[in-house]
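**Student:** Here is what each chain is made of, one letter per residue.
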Amino acid sequence: MAESRITIEEQVELISACAGIRTDVETASSQTFDELGVDSLGVLGIVAEIERRTGLKLGADAEQAPSPAALMALVNGDVPAHMEGA
Amino acid sequence: MTMVITGLGTVSPAGTGTDAYWAALVEGRTLLTPIPDVGARGYPVRLGGRVPGFDPYEHIEGRYVVRTDAFSWFAMVASDEALRDSGVDVAADPYATGVLICSGSGGNEFGQRELAALWGRGPEFVGPYQSIAWFYAASTGQVSISNGLKGMCGVLTTDEPGMLDALGQSRQALRRGTPAMLVGGSDAALGSPFALATQLGSGVLSEGGDPGTAYAPFTEGACGFVPAEGAAVALVEDAATARARRARVRAVVAGHASTFGGVGAFDPGGEGLLRAAEEAMRRAGVGPEGVDVVFADAVGLPKADADEVAALRRLFPDGVAVTAPKAGFGRAYAGAGALDVAAAVLSLEHQVVPPTPHVPDAPLGLDLVTRVARPARLRSALVLSRGVGGGNSALVLQHPDHV
Amino acid sequence: MKREAVVTGVGVVAPGGIGAAAFWDMLTAGRTATRGITLFDPAGYRSRIAAEVDFDPAAHGLDEQRTARMDRYVQFAAVAAAEALADSGAPLAGVPPWRVGVSMGTAVGGTTRLDREYAVTSRGGADWVVDHTATAPHSHLALMPSTLSGEIAELVGARGPVRTVSTGCTSGLDAVGYAAQAVEDGLADVVVAGAAESPISPIAMACFDAIKATSDSNDDPGRASRPFDRHRNGFVMGEGAAVLVLEEASAARRRGARVRCRVAGFANHGNAFHMTGLRREGTEMARAVTTALDHARRSATDVDYVNAHGSGTVQNDRHETDAVKRALGEHARRVPMTSIKSMVGHSLGAIGSIELVACVLAMDTGVVPPTANLATPDPECDLDYVPVTAREHRTDVVLSVGSGFGGFQSAVVLDRGE
Chain F
19 MAESRITIEE QVELISACAG IRTDVETASS QTFDELGVDS LGVLGIVAEI ERRTGLKLGA
79 DAEQAPSPAA LMALVNGDVP AHMEGA
Chain A
7 MTMVITGLGT VSPAGTGTDA YWAALVEGRT LLTPIPDVGA RGYPVRLGGR VPGFDPYEHI
67 EGRYVVRTDA FSWFAMVASD EALRDSGVDV AADPYATGVL ICSGSGGNEF GQRELAALWG
127 RGPEFVGPYQ SIAWFYAAST GQVSISNGLK GMCGVLTTDE PGMLDALGQS RQALRRGTPA
187 MLVGGSDAAL GSPFALATQL GSGVLSEGGD PGTAYAPFTE GACGFVPAEG AAVALVEDAA
247 TARARRARVR AVVAGHASTF GGVGAFDPGG EGLLRAAEEA MRRAGVGPEG VDVVFADAVG
307 LPKADADEVA ALRRLFPDGV AVTAPKAGFG RAYAGAGALD VAAAVLSLEH QVVPPTPHVP
367 DAPLGLDLVT RVARPARLRS ALVLSRGVGG GNSALVLQHP DHV
Chain Y
-2 MKREAVVTGV GVVAPGGIGA AAFWDMLTAG RTATRGITLF DPAGYRSRIA AEVDFDPAAH
58 GLDEQRTARM DRYVQFAAVA AAEALADSGA PLAGVPPWRV GVSMGTAVGG TTRLDREYAV
118 TSRGGADWVV DHTATAPHSH LALMPSTLSG EIAELVGARG PVRTVSTGCT SGLDAVGYAA
178 QAVEDGLADV VVAGAAESPI SPIAMACFDA IKATSDSNDD PGRASRPFDR HRNGFVMGEG
238 AAVLVLEEAS AARRRGARVR CRVAGFANHG NAFHMTGLRR EGTEMARAVT TALDHARRSA
298 TDVDYVNAHG SGTVQNDRHE TDAVKRALGE HARRVPMTSI KSMVGHSLGA IGSIELVACV
358 LAMDTGVVPP TANLATPDPE CDLDYVPVTA REHRTDVVLS VGSGFGGFQS AVVLDRGE
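Residue numbers (my numbering), protein chains in the order written: chain F, 19 to 104; chain A, 7 to 409; chain Y, -2 to 415.
Hints are computed from structural coordinates only; laboratory data are not their basis.
Treat the hints with care, since some could be wrong.
Here are the computed distance ranges between Cβ atoms for each label pair [claimed, not checked]:
id, chain 1, residue 1, chain 2, residue 2, range
1, F, G73, Y, T298, 53 to 61 Å
2, F, Q49, A, R47, 43 to 51 Å
3, A, A316, Y, R120, 41 to 49 Å
4, Y, D216, F, D79, 18 to 26 Å
5, Y, D124, A, M7, 48 to 56 Å
6, Y, R120, F, K75, 24 to 32 Å
7, Y, K(-1), A, A316, 36 to 44 Å
8, A, G128, F, S48, 30 to 38 Å
9, Y, M(-2), A, G154, 34 to 42 Å
10, Y, R227, A, E64, 43 to 51 Å
If the Cβ cut is set under 10 Å, some of the chain Y residues that face chain A in the computed set are [claimed, not checked]:
id, residue
11, W95
12, H129
13, I200
14, F205
15, D206
16, G401
For glycine and all other residues, C-beta sits at the position ideal for the given N, C-alpha and C.
Construct the entire structure; sequences and hints are all you get.
**Tutor:** Put into structure tokens, the structure is as follows:
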């Protein structure tokens, strides 16, 4: 079964791979996607990749998450998300 | 209205930048190398003119790199060079500069990766950038966005002659209130085996394996052209605007014309090419005696070459110096005409005609510059180009001192 | 004397209506052509609806030899071009072929063929270095966008400037704008202009799925395309082609042609902001409108009808509403502005030309087509979008606007001449 949690380190990696922006744990934890330079398409790519990795279906809330921290809270269950096929 | 080129940029099989490009042209260097992987799979076409060692991250911000195909990388890098070279202050009025970058077949390598995701894994594996990386307008869009250019934006897909037609279109834009245009052609199809595979049946690509003989236009051994990748971009503006800001004028775009010769046929008989050249020269106000060098289309197919030679003989009964530097690095689709225009500008500037590599001797009745570059008094250059889709275009460029 | 470009013939292949008469019947009746996708199996796709053309090439005189190197969108264009030429009378009689041009737009080109070729040669996506021996004959030509205009040039016998214009979703406006410029500047006397697209194919649908730009109202396809409606949720893919015959005005009058309208003004600007995103203010689109009106020597208050881009995405409709207000001022509230995408979907590069044909027909008939499916307007979209029912309305000056990926904003002004 896929690991259904993500870490800030993973987000740093995804921001680089999906949005082409190099950042670090501290910056990614404290800034918004906008401040990091990640646009709406970049967030879509990050969310799609998290969905593939975790098997979660995150939907519109995740795509509108303002920051990596907010997205992580959503994925890691601080906000309800639905398991695909579950 | 006189339209002039005040900035130039290239990404070519000679590398990044016009200096590297001109150095290779003057030497007549061979820049054809094996295309990775496809030989092992039995593709009959094995050689290409690849841009060597191109790392997009050296030139372009990462957030642009991940969302664009190589054809847009080349366009963006060549555009940066052209803008720097022109010294134009684009920020002063964003609407003052437009963009028109021609594409041949779009973002091939990026597109093939996404096609693989779709067909191999499913539609949900197609990434968000496919919609903006793959289509023909990607380069114009990204060049406009990354440089803040809001003038007239366009994209022509007329294959090899694209840049020539884009310069023609720019005149229409300049007449209607966009004072400057960044125009070019860019292509990077060689990164996609699928793109190459679909062309193999067309019979126009050289199957030669020896870089020294694979692409030898105007010779008995001519057996098609070697495909290449690359881009060239020029900043054009009204001569009055250029003068007012004391810009260095690199060449005058004196006349353009285009005709149609039939899909996939390279203008059988050469009548369309002849007509385009005559019309471009008429619009430029130059007769045959005023043209000092022709940058030939040089498809490298015996029939197409013979038709071009026949057209040149009718245009220039007293002869003219002819060259096809692309024999050294290949024919870069939508980048082909663009790189020829860049070669012609550099040639006028240096007063040197670069040679046609891989052609040891000029064929009878054609003053083809072979083996070594030829210094000459160059007032005007005629650039000829035929596209696989059927367009024939001609462009007259002039040295600024001879207008 | 100043040269001007006039429209003397139109042809159209649209979802729900092949031929100008059927197309106009459908639009003025407010019928929608959006439905579940039949052209491929859309299972697994987010958006499984589209506005499809029921098209039989043989019924339109296109034999297999002809169609072998023509992707579906080129076939549409060929049928639309034949209709436009017939409609125009004999625009080419006595005109040297060198003075006849072609200017055709497409955003994505031969995607129908592309998917098929790729799936076969790659063994369903398994191989990176695909099997070159499995490619179909003519595949290269069928996949090159340049052949769109080339095939039309062969069909009509044009040997002048022949271009394919590919500025994404503004291609259909830009191709006609460039054609008018070519006539004005004396580069050609007749230009066959228009655009074509057939993007209802797996890769094109998937790439819009990925950015969630298309509607997922899969259970209610007929009402899925809802421009300016509060409940809109993206555009519905369409397909089709339209062709307009442009002639130099004085020559058209000399031969006694029925002059339908003048292509009076055109402009395209980049927004230099984002490939897909739009700034709410719509400054660049407004600028394109103003430039096009200036070229037409028209003022904002002359505009009788606005044919909207109206794609039905939340950001587009607000952007466009603000842009039109910015450009036309208070007059924006008095002028009907409609989106036919509510009925024929959004056929990417083709739609601009299809919309221009609708504009010509609106001028001809004194009727403006409605915006179908507009039940509850988005409060942020507060112009007169002519909901649901067509309206009798005399139109002498039309503004058609378009917006496309890449940031391109285009405007075309049609009028009856000065």
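**Student:** So, for every hint listed, does it hold in this structure?
**Tutor:** For each hint, the structure was consulted:
1. Under the hint 53 to 61 Å, the C-beta atoms of G73/F and T298/Y, about 58 Å apart, fit the expected range.
2. Distance hint check: the CB atoms of Q49/F and R47/A are about 46 Å apart, consistent with the given range 43 to 51 Å.
3. The beta-carbon spacing between A316/A and R120/Y, approximately 46 Å, falls within the hinted interval of 41 to 49 Å.
4. Between D216/Y and D79/F the beta carbons are some 22 Å apart, a value that agrees with the proposed interval 18 to 26 Å.
5. At about 53 Å, the CB distance of D124/Y to M7/A agrees with the hint of 48 to 56 Å.
6. Separated by about 30 Å at the C-beta atoms, R120/Y and K75/F satisfy the suggested range of 24 to 32 Å.
7. Take K(-1)/Y and A316/A: their Cβ atoms lie about 39 Å apart, and the range 36 to 44 Å holds.
8. Taking the beta carbon of each, G128/A and S48/F are about 36 Å apart, inside 30 to 38 Å as hinted.
9. Between M(-2)/Y and G154/A the CB atoms are about 39 Å apart, so this pair conforms to the stated range of 34 to 42 Å.
10. At roughly 48 Å, the beta-carbon separation of R227/Y and E64/A lies within the given 43 to 51 Å, and the hint holds.
11. Among the interface hints, the one on W95/Y holds; its C-beta lies about 6 Å from the nearest C-beta in chain A, closer than the 10 Å criterion.
12. Taking 10 Å as the C-beta contact cut-off toward chain A, the hint placing H129/Y at the interface holds, the least distance being around 4 Å.
13. The restraint placing I200/Y at the interface with chain A holds, with a minimum CB-CB distance near 6 Å, inside the 10 Å limit.
14. The beta carbon of F205/Y comes within 6 Å of a beta carbon in chain A, closer than 10 Å, and the hint placing it at the interface holds.
15. Here the hint on D206/Y is kept, as its CB sits about 6 Å from the closest CB of chain A, short of 10 Å.
16. For G401/Y, the suggested interface contact is upheld, since its CB lies about 7 Å from the closest CB of chain A, less than 10 Å.
Violated hints: none; the structure is consistent with every hint.
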